[in-house]
Structures are given as structure tokens and as C-alpha cells.
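Next come the chains, spelled out residue by residue.
Number of protein chains: 2
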Amino acid sequence: MPTNTTDLNPPTRILMGPGPSNVHPRVLRAMATPLVGHLDPAFLEIMDETKELLQQLLQTENDLTFPMSATGSAGMEACLCNLLEPGDEALVCINGVFGERMADIVERLGGRLVPVRAEWGSIVEPEQVATALQSSRPKLIAVVHAETSTGVLQPLSQLAQMAQDRNALLLVDTVTSLGGFPVQADAWGIDAVYSATQKCLSCPPGLAPISLSDKAVSVLNARTKKVQSWYLDLTMVRRYWGQDRFYHHTAPISMIYALREALRLIHEEGLDARFERHRRNHETLVAGLEAMGLSMLVEEGHRLWMLNAVCVPEGIDELQVRQTLLQDYNIEIGAGLGDLKGRIWRIGLMGESSTKNNVLLVLTALEDALRRQGHEMESGAGVEAAMKSYAAAE
Amino acid sequence: MPTNTTDLNPPTRILMGPGPSNVHPRVLRAMATPLVGHLDPAFLEIMDETKELLQQLLQTENDLTFPMSATGSAGMEACLCNLLEPGDEALVCINGVFGERMADIVERLGGRLVPVRAEWGSIVEPEQVATALQSSRPKLIAVVHAETSTGVLQPLSQLAQMAQDRNALLLVDTVTSLGGFPVQADAWGIDAVYSATQKCLSCPPGLAPISLSDKAVSVLNARTKKVQSWYLDLTMVRRYWGQDRFYHHTAPISMIYALREALRLIHEEGLDARFERHRRNHETLVAGLEAMGLSMLVEEGHRLWMLNAVCVPEGIDELQVRQTLLQDYNIEIGAGLGDLKGRIWRIGLMGESSTKNNVLLVLTALEDALRRQGHEMESGAGVEAAMKSYAAAE
Numbered sequence: 001m002p003t004n005t006t007d008l009n010p011p012t013r014i015l016m017g018p019g020p021s022n023v024h025p026r027v028l029r030a031m032a033t034p035l036v037g038h039l040d041p042a043f044l045e046i047m048d049e050t051k052e053l054l055q056q057l058l059q060t061e062n063d064l065t066f067p068m069s070a071t072g073s074a075g076m077e078a079c080l081c082n083l084l085e086p087g088d089e090a091l092v093c094i095n096g097v098f099g100e101r102m103a104d105i106v107e108r109l110g111g112r113l114v115p116v117r118a119e120w121g122s123i124v125e126p127e128q129v130a131t132a133l134q135s136s137r138p139k140l141i142a143v144v145h146a147e148t149s150t151g152v153l154q155p156l157s158q159l160a161q162m163a164q165d166r167n168a169l170l171l172v173d174t175v176t177s178l179g180g181f182p183v184q185a186d187a188w189g190i191d192a193v194y195s196a197t198q199k200c201l202s203c204p205p206g207l208a209p210i211s212l213s214d215k216a217v218s219v220l221n222a223r224t225k226k227v228q229s230w231y232l233d234l235t236m237v238r239r240y241w242g243q244d245r246f247y248h249h250t251a252p253i254s255m256i257y258a259l260r261e262a263l264r265l266i267h268e269e270g271l272d273a274r275f276e277r278h279r280r281n282h283e284t285l286v287a288g289l290e291a292m293g294l295s296m297l298v299e300e301g302h303r304l305w306m307l308n309a310v311c312v313p314e315g316i317d318e319l320q321v322r323q324t325l326l327q328d329y330n331i332e333i334g335a336g337l338g339d340l341k342g343r344i345w346r347i348g349l350m351g352e353s354s355t356k357n358n359v360l361l362v363l364t365a366l367e368d369a370l371r372r373q374g375h376e377m378e379s380g381a382g383v384e385a386a387m388k389s390y391a392a393a394e
Numbered sequence: 001m002p003t004n005t006t007d008l009n010p011p012t013r014i015l016m017g018p019g020p021s022n023v024h025p026r027v028l029r030a031m032a033t034p035l036v037g038h039l040d041p042a043f044l045e046i047m048d049e050t051k052e053l054l055q056q057l058l059q060t061e062n063d064l065t066f067p068m069s070a071t072g073s074a075g076m077e078a079c080l081c082n083l084l085e086p087g088d089e090a091l092v093c094i095n096g097v098f099g100e101r102m103a104d105i106v107e108r109l110g111g112r113l114v115p116v117r118a119e120w121g122s123i124v125e126p127e128q129v130a131t132a133l134q135s136s137r138p139k140l141i142a143v144v145h146a147e148t149s150t151g152v153l154q155p156l157s158q159l160a161q162m163a164q165d166r167n168a169l170l171l172v173d174t175v176t177s178l179g180g181f182p183v184q185a186d187a188w189g190i191d192a193v194y195s196a197t198q199k200c201l202s203c204p205p206g207l208a209p210i211s212l213s214d215k216a217v218s219v220l221n222a223r224t225k226k227v228q229s230w231y232l233d234l235t236m237v238r239r240y241w242g243q244d245r246f247y248h249h250t251a252p253i254s255m256i257y258a259l260r261e262a263l264r265l266i267h268e269e270g271l272d273a274r275f276e277r278h279r280r281n282h283e284t285l286v287a288g289l290e291a292m293g294l295s296m297l298v299e300e301g302h303r304l305w306m307l308n309a310v311c312v313p314e315g316i317d318e319l320q321v322r323q324t325l326l327q328d329y330n331i332e333i334g335a336g337l338g339d340l341k342g343r344i345w346r347i348g349l350m351g352e353s354s355t356k357n358n359v360l361l362v363l364t365a366l367e368d369a370l371r372r373q374g375h376e377m378e379s380g381a382g383v384e385a386a387m388k389s390y391a392a393a394e
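Chains as they are written, first to last, in this note's numbering: chain A, 1 to 394; chain B, 1 to 394.
Hint data in this document are derived by calculation from the structure and do not stem from the laboratory.
Check each hint, because a few of them may be wrong.
Note that the list lumps identical chains together, so a pair holds whenever it fits in one copy or between two copies.
Stated by the list, open to error - Restricting the straight-line Cα-Cα distance to at most 30 Å, the calculated cross-link-like pairs of lysine-lysine (BS3-like) are:
1. K139 / K225
2. K341 / K226
3. K225 / K341
4. K215 / K225
5. K226 / K139
6. K139 / K215
7. K356 / K341
Quantities reported herein were computed from a predicted structural model and do not represent experimental measurements.
Let the sequences and hints guide you as you build the complete structure.
Take a look at the structure:
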């Protein structure tokens, strides 16, 4: 036995980073439920229920709707490698880490990449895509709905229209938006969508919900070459999630128990109430931060409700601030990634973590951490502004 | 809300199929532990401990040793797609479903497949491989240590010698053997090994432990082309599990909590004691089955201790037998796969499921199920033989 294997005893954190978010006790309890087999009739029923709950959350009737057995990024790879074949053209909107990741995957599978880039912290303008479409005929247009690395919400309606006009598939990354902001797969004309469990679904990380429209399924059915990944090959995985129940791989039973419970909690709260909660806590946090003299990376109107990119003031050691929050308050917030490393903090208000108490706490903790570095501000201004904002909303 | 989302309430099963196996309460409790972030200092420590526990179980000093964030088959794909590039030759030993799966993956990634086939239920003879090596120069030789679809234990020493002589990498699937039978990665000259959590580790499914030797790592480092899978790209994933702690994807926190606890339980029991337990329960089960007039698919000496392939007697409806076991005894056993569908049952004795009580129960239940179909045998013969076998061993 190694000397260091003591009882599992991690600290109790308030998770306000880019995910994972805090998990409801009912979901944790589901995780601890004794297992049945992956072909047990009782489990097949649980799969069907999970699929139905997911369809409701995604507002879709897509039959091919289920969680892939891996984390969100595998959902991204699954959609791309099932819908594209070598030589296929794919237009990818890139304004952050996850757009870059999609582009990387397109190249790995031999696709011809048409990148449309925007500054990190801005949306990709529909006009940019329109311009790119003048000299390309993509099979697929890919875009990140909620760019976790920058806090930007990408408007989708014009892109959906362009995809439809060109008979291209529209692929949307909803890893961070799903469960905290409306995603209407059918009404919006989305052909392929993937997400993750550890953001606004407030389930532990480990699954990637995906959904494909009939149009996407027909593209999948018309493939001339096997999908390059065996594990992510939807032509096989769908036979397990469909009526065949054909064994492909052993499903992560406990994670599916947990996802089902997380989805039940979402539907018990109600989608509208849940989205409104995310909106209100976000707006209040922003009011508090701005009252403290801090500024947001993203302009108003394009900000995510569940992930707030806050500019690090000049002269402040951003790492030191995060360490103060973690060590003295047990609050986790996120750092910037890639080009934004050292320039922003990312404060998550996702799922169970999106609460009034957490907003008030993080404002208080942030004020303390900034004061310790000599940053001047009016005492209690952030919390005061937040309290006013909550009162006004009631 | 869908009408069918009641409280999660699956039946309590005795899991004696091909996996998942039953999970210890301590591991279930670990699953329910509140989350910390995937870059939290407390989690990084848990990762290091998990890695060290895995190294001990695999009997290796390989630095690149950690669980991939998906189920066992993704471990298979990860090893193959990281170590092979398009055009590389790979010799794959095929005597069951999982050898076929390796061959399929080799072809998907553009490798040149050299298949060496043996009958399902038999080992691949080293002579067959020697013959194939006369007309091939494989970069990699792949073999399944414990073929879950047939119950065959593949001897490795001669294959390892041949791989070494030819300067080929040796890749071994230990999905079903690890934790129930010795796997000595370093001493046996294994260059790449993968496993799964839901078999003899008795942890829920969802992770694929892998380990690469220095030789395999140097092949990885010398790649000329990016790994075709982004999600499984070890050149990136290792930076998260190594000292860089560079973000790649959000690790499945709860599953790693659980794996760490399952590995602690294994080391508390002691490897030798654990392997001996698996051996004894297997031998006793076989004694009982044979006393009941049933026969094993695999000849003595090549049988797995954790997965017993039992021939279905003529005239017996094998599905009906499994249904009786499930419905009347809450015991899950497995069906045959592929060519063996309808011809065998697969009785698992893996990890927590490998107990004296389970052996006695399954013999009793099986006798009942067979009698209901008019199969004649001496009453209680299976249990009697098993009790004698246990007594003799004490």
C-alpha cells in the first residue's frame, strides 16, 4: 500500500469556475446507487427515460438523442467524425478555445477546414460567415453557442438560415449553455448538437449528450467510409440506445443514473424558471462587479448567463486572487485560457451553483482578495449593488 | 415532466455476467462524494495517488500510467491510435470479439492488419504468430490477455519474446484480467496495456486505465502525424496527468474518486490473496458445474478465473435459463456473443462478485432453471461438489 492513500476527504468547495458545478444531493445519491447490468431490462428502461428527458431539455423530437460515454469534448469529436468524411468541407466559427478545438478535430479527420475567426470575447458576425460562404460550399457549419473560454453567447438564427439556404448541416456546441439558457434544437434548425453534464446540468463530468436531426442521420447513413473512431461510431452506438439493444461497449451505468436524476431536477424546476434564475444571478453579479469598478470582457447583449468573463484590473496578480478565494473561502473561480490567460477571471454561475448566496459570497470574497493587493474601492459596494438588483427584481 | 420519471429504484442484482461486477459500498460512497474542480490542488493529489495505485496493480514503473476518461474500449482505441500511424503494420491475435475489435480499429486508422486467427474458445498458439512473423514486420503485436467473449486466458511469455526479438511493441488487453489475475507489465515486457474499471476492479464502468512503457512513449514521441483522435491523443492527455497539469478536457472527477477507492480495497486485500480468491472460486464453480453434468467451453489450463464459459446443454433454451436466474434469483449471467451466441453462458466471478456465496447461489439457481426445462441431474450435486472443493482447500 502506498503511504499516501488515506480516506477520500476532499475539501468542500463552492464551484464557481467553468465547470464542474456543484451537484445536488439527489444526483450524488444516484451516483451511489448499486449497479445493474448494461443490458438489464431495468437499465434499458432507465436509458429510455434518460433519452426522453434529454429530448425535452433539447426541445427536440430527434430519435438519435442520448449521452455518449465520455466527456463533452468527445461529444464534439463524435459529431464531427460521424458527419464528416475525409475531404469534406467544414466551416468552423472560431472565437475561443472550443472553436479552435473543433477546427483541430476537422483537420485530424481529413476535413477541409474553412475557418471564420473573430476576436476572443466577441461574437462571430453573421456577415463574416456570409462572406466565407461566397467562396466555399461546406457540408457542415459548426459554431459554439456558449464559448466557455470567453463568456460569449453566439446568436444562432442567421447562421441557421444560411446553413439551411446552403443545404449545410448546422452543428452547435451547447456544452455550457444547455440547462442554463434555452436550446431549441428543432425550432432553431440545429442538425447536430452536443453538450456535457458538468456545467448547467449539474451532474458530475463523464457524459456528452448528443442529438442528431433526421437530416444529419441521413448524412450518417450515406457515409461511404467507416467512421474513423470505433468508440464514437454512431452507426453502432445507436443500435445500443435504439430498440436493437445491440451491445457496443459497457455503458457507464452510474453516470446515466446521475444524468437521469439531474434531468429530473431540471424538469421539476421548469425550464423557464431555471433560465430566469440563471439570467437574474448573472445580471446581479455583473451589477455587483461593476459597482466594484471591475469591467466585463464581453459587451452587454452577448454575455453568457452562466459564465462571466471579468477583466483583471491592472496591477493585480490574478493567480493570487484565485488562491485567496480558494484557500480562504473555498470558492473556485476559473482562470483565462489561451490568449486570455492572465487577463480574465471566469466566474461560473451554472446549474446548482447559480444561487443568490453564491453571488453575494463571491462578491464579498473578491473584494477582500482585491483589497489585500491594495486595490481601492468603496467598501461593500458590490454586495450593496447586488442586493439592490435582487430587490428590484422581486 | 415525462410521466415515467419515478424515483430511481433499480433492482438489487447479483452481478455474475461479463461485467459490471458488484461494487463495494466504500466505492459507491466515493462516487457520492461532492466534487472539487479538475484543477483543484486537492484533486491533483488524488490523481497522483490513483496513478501510484494503478502502477502497483500493473506492477510497472511506467510514468505514463493513468485512466482514460471513457470505458475500456476507448482504452483499446487509445493505445492503437496513439502507437500506430497510417500504413503501419500491426499483427493482431484474434480468438474472440475483442481481438476482432482491435482488428477493426487498426483498419479504421489506416493500419495494415496482419490477423492471426484461432478458434473461439482456444488460445492463439505462439507457433501461429511465429509463422505470421516470417512474412511480416509488424510495428506492434496486439493480444487479448483475457478474452471476455470466450473465457480464454492467453499465455503471453512467448509472444513477448517474439515481440522483443522483432523490436515490435507488445500491446495487451487486460480489461477482464486486471485485478483478478496477475498482470506484470514490466516483468513481462508489455509496452502498452489497457483495462477497464467494471470487471475485476469492481468499480463502476467509465474509465480505462492505460500504461505505456518508455519504448512505447518513444514511439509516441516520434510520430510524424497528429493522433487522429483529439479526445484520445496521449501527447495532450499526458500533460494533464503529468506535472504540467495542462487542461485538456474535464476529467470525470467522481469516477476517479471511485477508482482510487477500488484500488485501495485491492491493495488492502493484497494482490496474492485476491488472485488466489479468484482462482479458488473459479475452480469450485467448475467442480460444481461438472458435477451437474455441464461442460466448459475452454479446456483446462486455458480457462479464465473470472469468466467461465459454460456450454448450453442440447435441448435447453439458454435465454429462458438466464431469465429464470434474473427474475427469480436476481442473478445476472451473460449470454454468448458473436459465433458463440446461444451456445454458451458466461458466468462472471469478478472482483467483489467472486465470493463463495455467489458460487453456491448460482449453482443452486442454475440447477433449478435447468430442471424447469426437464434437464435431469442428481439433486444438489453441484453444491455438494462445490462444498467439498472449498473444504479441501481449507
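Consistency of the hints with the structure:
| no. | hint | result |
| --- | --- | --- |
| 1 | K139 / K225 | both (16 Å within a copy, 25 Å between copies) |
| 2 | K341 / K226 | between (39 Å within a copy, 25 Å between copies) |
| 3 | K225 / K341 | between (40 Å within a copy, 28 Å between copies) |
| 4 | K215 / K225 | within (18 Å within a copy, 33 Å between copies) |
| 5 | K226 / K139 | both (18 Å within a copy, 23 Å between copies) |
| 6 | K139 / K215 | within (12 Å within a copy, 41 Å between copies) |
| 7 | K356 / K341 | within (28 Å within a copy, 57 Å between copies) |
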